[in-house]
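J.: So you can see what is in the structure, the chains are spelled out below.
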Amino acid sequence: MSNKDKEVLLSVKNLEVTFHNEGRRFRAVKNANFDIYKGETFSLVGESGSGKTTIGRAIMRINTLSAGEVIFKGKRISGKISKEDDRDVIRSIQMIFQDPAASLNERATIEYCVSEGLYNFHLYKDEEERIAKVDKALEDVGLLPEHKSRYPHEFSGGQRQRVGIARAMIMEPELIVADEPISALDVSIRAQVLNLMNKLKEEKGLTYLFIAHDLSVVRFISDRIAVIHLGRIVEIAETEELFKHPLHPYTISLLSAVPMPDPQIEKAKKLVVYDESKRDHSGPKPVLQEIRPGHFVFANDREMAEYEAKLQEMEKAEASAK
Amino acid sequence: MTNKDNLFTFADFDEKESERIAAPRYSYWKSVWRTFIHNKVTVTVCIIMLTVVIFSMIQPIFSKYDPMYAPNINDASMKFLKPSLQYPFGTDNIGRNLFDGVWAGAKNSLIIGFVCTFINMIIGIAVGALWGFSKSMDKWMIEVYNVVSNVPFLLIAMILSYVLGSGFKSLIFIMCVSNWIYVAYFIRTQVMIIRDREYNLASRCLGTSTWTMITKNILPFLISVIMTYVAREIPATISYEVFLSYLGLGLGQDNASLGRMISQYTTYMNAYPHLFWIPVSVLAIISVSLYIVGQALADASDPRTHM
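Read top to bottom, the protein sequences are chains A and B.
In terms of our numbering, the first sequence opens at residue 1 and continues consecutively.
In terms of our numbering, the second sequence opens at residue 1 and continues consecutively.
Worth flagging that the hints you see were computed from the coordinates, not collected in a lab.
Just so you know, even glycine gets a beta-carbon here, dropped at the ideal spot from N, CA and C.
Incorrect hints may appear among the rest.
Covered by chain A, according to a simulated footprint, are these stretches of chain B (three or more residues, beta-carbon under 8 Å) [unchecked claim]:
| hint | stretch |
| --- | --- |
| 1 | 24-34 |
| 2 | 211-222 |
Subject to a maximum C-alpha distance of 20 Å in a straight line, what follows is the list of computed PhoX-like cross-link-like pairs (lysine-lysine) [as the list claims (entries may be wrong)]:
| hint | chain 1 | residue 1 | chain 2 | residue 2 |
| --- | --- | --- | --- | --- |
| 3 | B | 135 | A | 80 |
| 4 | A | 148 | B | 30 |
| 5 | A | 136 | A | 204 |
| 6 | A | 270 | A | 38 |
| 7 | A | 244 | A | 133 |
| 8 | B | 30 | B | 40 |
| 9 | A | 148 | B | 135 |
| 10 | A | 13 | A | 30 |
| 11 | A | 270 | A | 316 |
| 12 | A | 136 | A | 148 |
| 13 | A | 133 | A | 6 |
| 14 | A | 30 | A | 6 |
| 15 | A | 316 | A | 244 |
| 16 | A | 73 | A | 204 |
| 17 | B | 216 | A | 148 |
| 18 | A | 83 | A | 73 |
| 19 | B | 216 | A | 199 |
| 20 | A | 136 | B | 79 |
Here are some, though not all, of the chain A residues that point toward chain B, as calculated from beta-carbon distances under 10 Å [what the hints assert, rightly or not]:
| hint | residue |
| --- | --- |
| 21 | 99 |
| 22 | 140 |
| 23 | 255 |
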């Protein structure tokens with residue numbers, strides 16, 4: 001399957017985000033490059049502090065870029081853009097936040113929380129239409145119209161997150177940046193929110209940028225995955241390809257950390273600890289290179305040869321197993 | 001044990017029903033009111049406060065008290081009368097009715113307290129909210145604040161009262177000209193605390209304007225701290241008015257004033273103690289009750305007390 005014939009919705013080019021603190025500089029994201037195709041779920045995985053949220057926020061234009069650009073539907077949206085483009089981008093790219101308790105205004109009713117975007121862009125003809133839209137948005141996420149007059153603190157975590165989803169959906173966006181939307185939720189309701197996100201994606205033809213650290217969740221929801229480590233994207237591949245043929249040592253280490261529900265396998269499992277300092281860094285500077293169509297890995301030529309050999313070995317083993 | 005299947009039936013699972021919230025509807029202001037009237041002490045103090053405030057607003061209309069008018073000034077038998085039915089608070093050194101004087105003074109003090117606090121709060125909150133939001137405004141506002149807050153208020157009050165002369169309007173001007181900046185600074189700090197919370201980020205992602213953010217996202221969270229500030233500010237302003245009048249900087253001779261009264265009657269503290277203690281007690285009752293009621297309102301407006 002080639003990615004060439006799919007439409008690129010969002011493209012991140014050489015993105016770099018730097019934080020300044022009293023003269024000290026910290027590069028949170030280093031030279032990130034990836035495309036998100038229309039209609040797919042693209043996931044960013046990595047440990048805490050790896051810069052995945054920063055990339056999401058850079059796309060939302062909350063964090064300013066220190067280099068590179070973000071292109072949405074062929075138009076640059078990073079840096080200074082015209083007021084009209086700004087309004088378009090706000091409407092087309094929406095965000096779902098990590099902590100549903102913190103991301104809703106506690107002193108406003110659900111009706112206001114959900115209509116906030118409608119008010120800002122005046123996306124309704126009259127009050128009746130606005131209320132109808134709010135009712136529809138709440139219904140889409142499985143809430144009841146009578147919840148409109150309630151306050152966020154009266155809801156459970158899952159319900160609150162669904163209010164957050166309704167608030168984003170009412171803008172009829174094309175791309176949704178979901179910043180760890182389920183990591184603050186109880187395990188019992190994670191599936192509910194994930195299924196809802198999948199359902200909405202199919203109904204409305206949405207594209208997701210899904211930011212997470214939980215690999216089992218990521219495997220369930222995404223079409224393609226980018227693994228990020230210390231601000232650098234180390235591997236991008238389609239979900240099954242990545243789980244079957246992880247190449248970069250960090251990816252291998254990350255996959256080995258997924259707990260197995262079978263105690264026998266879990267006990268026998270060997271954890272691979274990734275240590276950047278113990279790796280062989282000889283040779284030229286590594287870059288993100290395409291090893292198979294759609295499978296990118298961060299490597300220099302020497303490492304590329306190693307990965308290629310490993311990949312061929314894995315493919316041979318699979319062929320013989322069949 | 002027999003198996004009685006008919007005792008149990010399968011319950012239907014209704015997804016809609018499971019979303020329903022059983023708790024009664026929450027209303028912010030209703031909860032504030034309920035918490036406020038729950039405390040019997042504050043309700044009592046509130047009634048005292050309202051009685052004193054309403055009485056001091058109405059009584060001067062009927063008494064038409066004028067401090068410059070002393071018809072009994074030459075009648076020695078009318079001076080220094082002890083409190084009686086006809087003169088509930090007695091009379092002073094020039095035969096004026098102290099009862100009328102105290103309430104006229106209380107009225108002026110209250111009006112100044114409320115008006116100055118209102119002006120200071122309005123300007124302070126508006127400036128402070130923008131100040132807390134705008135990083136570029138913060139750069140120069142903080143310098144303005146540093147300069148203004150380092151000039152002693154008494155110095156400003158003295159110079160201005162010599163320039164403007166004493167009187168009702170100039171006193172209000174003096175009390176407001178620089179004091180709003182302290183309110184603004186306080187609000188600025190509060191705004192900064194909640195400015196970067198995630199729900200504000202969410203609002204920004206939805207394209208909400210700064211003004212809407214201030215009125216819908218920030219100020220509703222500040223109601224209780226603003227209430228606390230007002231509860232402190234009104235009695236403090238009244239005390240300051242009394243203090244300035246005591247020094248001779250506040251209201252002129254032609255305005256009834258508790259402060260001027262207290263300063264005048266200090267000399268009679270030993271011979272005729274009621275002349276000194278009655279105005280002081282009225283001032284104390286007004287300040288303390290306003291403070292207690294204000295604090296209770298501030299507590300009640302904090303939603304953490306609503307549970």
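J.: So, for every hint listed, does it hold in this structure?
T.: Structure-based check of all given hints:
1. Taking a C-beta to C-beta cut-off of 8 Å, the stretch 24-34 of chain B contributes 3 residues in contact with chain A, enough for the three needed, and the coverage statement holds.
2. Residue count for the stretch 211-222 of chain B with a Cβ under 8 Å from a Cβ of chain A: 5. That meets the three needed, and the coverage hint holds.
3. For the proposed pair residue 135(B) and residue 80(A), the alpha carbon gap of about 19 Å is at most 20 Å, so the pair holds.
4. Annotation: proposed proximity of residue 148(A) to residue 30(B) holds, straight-line Cα distance about 18 Å (limit 20 Å).
5. For a cut-off of 20 Å, the pair hint linking residue 136(A) to residue 204(A) stands: about 14 Å separates their Cα positions.
6. Only pairs whose Cα atoms come within 20 Å are accepted, and residue 270(A) paired with residue 38(A) is rejected, the gap being roughly 38 Å.
7. The hinted pair formed by residue 244(A) and residue 133(A) fails the criterion: a straight-line CA distance of about 44 Å is larger than 20 Å.
8. For the hint linking residue 30(B) to residue 40(B), the alpha-carbon distance of about 18 Å falls within 20 Å, and the restraint holds.
9. Note on residue 148(A) and residue 135(B): the hinted pairing is violated, with a Cα-Cα distance of about 35 Å set against a maximum of 20 Å.
10. For the suggested pair residue 13(A) and residue 30(A), the alpha carbons sit about 11 Å apart, so the restraint of at most 20 Å is met.
11. Distance check on the hinted pair: residue 270(A) and residue 316(A) sit about 23 Å apart at the alpha-carbon level, beyond 20 Å; violated.
12. In summary, the hint linking residue 136(A) to residue 148(A) is supported, as the alpha carbons are separated by about 11 Å, within the 20 Å threshold.
13. Proximity of residue 133(A) to residue 6(A) is assessed by CA-CA distance (about 32 Å); at most 20 Å being required, the pair is judged violated.
14. A threshold of 20 Å between alpha carbons decides the hint, and for residue 30(A) with residue 6(A) the separation of about 26 Å lies outside it, so the pair is violated.
15. A distance of roughly 13 Å separates the Cα atoms of residue 316(A) and residue 244(A); the hinted pair therefore holds under the 20 Å criterion.
16. The straight-line distance between the Cα atoms of residue 73(A) and residue 204(A) is roughly 18 Å, inside the 20 Å bound, and the hint therefore holds.
17. Distance hint between residue 216(B) and residue 148(A) is fulfilled; the C-alpha atoms sit about 17 Å from each other, no more than 20 Å.
18. With a CA separation close to 17 Å, the supplied pair residue 83(A) and residue 73(A) stays within the 20 Å bound.
19. As the CA atoms of residue 216(B) and residue 199(A) are separated by approximately 32 Å, the hinted pair breaks the 20 Å bound.
20. Distance restraint check for residue 136(A) and residue 79(B): the Cα-Cα separation of roughly 80 Å exceeds the 20 Å cut-off, and the hinted pair is therefore not satisfied.
21. The interface hint given for residue 99(A) holds, since its Cβ lies 6 Å from the closest Cβ of chain B, which is under the 10 Å cut-off.
22. This hint is violated: residue 140(A) has a C-beta 13 Å from the nearest C-beta of chain B, more than the 10 Å allowed.
23. Hint on residue 255(A) is violated. Least Cβ distance to chain B is approximately 31 Å, over the 10 Å limit.
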